[in-house]
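Each chain is listed here by its residues.
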Amino acid sequence: MKNEERIFMVFLLLIMLLMVFMGFRYGAGSKILPMASGIFSGVIVAFLLIMSFSSRIRAWYQKFEKRSVLTESELSVKEKKRELSVIAWFSGCTVAIYFLGFLAAIPLFLFLFLKFWAKESWLLSLVLAAAVPVIVYFTFVYILSVPLHTGLF
Amino acid sequence: MLLISMLGCHIVAAIIGLSLADKMALLTKVRPVLFAPILLVVCLIGSFALRNSIGDVIVTFLFGLLGYEMRKFGFSRIALILGLLLGNMAEISFRQTLMTQAKLLGFFIRPISLILFLATLASVMLPLYQSYRRRKINEK
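Chains as they are written, first to last, in this note's numbering: chain A, 1 to 153; chain B, 1 to 140.
Just so you know, these hints were derived from the structure itself, not from any lab. All the pointers check out, no bait thrown in.
Below, simulated DSSO-like cross-link-like pairs (lysine-lysine); rule was C-alpha separation at most 30 Å, straight line: (1) K136(B) - K63(A); (2) K119(A) - K72(B); (3) K78(A) - K29(B); (4) K119(A) - K78(A); (5) K119(A) - K29(B); (6) K119(A) - K80(A); (7) K2(A) - K72(B); (8) K115(A) - K81(A); (9) K81(A) - K29(B); (10) K72(B) - K63(A); (11) K119(A) - K23(B); (12) K2(A) - K63(A); (13) K72(B) - K115(A); (14) K103(B) - K31(A); (15) K81(A) - K72(B).
Since this is a predicted model, take the numbers as computed values, not measurements.
So that you can see chain A by itself, here it is in the shape it has in the complex:
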């Protein structure tokens, strides 16, 4: 999992750098806290990143810390595929909500996910896909008077 972990650390480091960079646009007093926290967290993440590459620095640091610095468990190829497919399905659900609205996207997502990803029976998939939007509509629109997003079309 080392490479994945490094990519995640680089991503975190970029967020910290962005925070510091955006801090420059603030006034003299206002920029102190975002810049200080950005630099401090950035240094820690950079240190972790360096440790993931250098076994010597890692060995030195492990004198102070019992837990392993890097994640030791490795996901199998099958587990990784499963993880990625779930993320893709959930991303699809969010995109569908954006374009189609909640009341169209929810039954569509639930039915497709349960039938084709979870391999559930037709009956269970259809019942859940029909029941959840009804409950959502009744709870949010009818009782709580929250207007749901109706999509772009």
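With chain A fixed as given, assemble chain B onto it according to the hints.
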């Protein structure tokens, strides 16, 4: 009147909570594969309902993804949540201190903030020092 209504509210909440607790516990027996998509949908609707903003839905999803990756790689999600919740208050108090005290020195010359600063420093350094000492003793 307000106190009585709050008291009544707590009593009603306790009665409902106690009478439904065993039934609600059955939710833990639902298979995750059925529970997860429904939970996702409810979370996304909840985030939308707060400000009627579809942007919040996207932010919720992205933070969910970030939380999952943080958990996978052993980063503390609690620290992130605390930072997000307390960050605003910290920033306001920090600005107030800068305006009322002599710049950053205000944090170190006032007794309460100095004690809090030293306590924070000790809570960070002490576990590291103890771990180092223990390892040294074990090596001997």
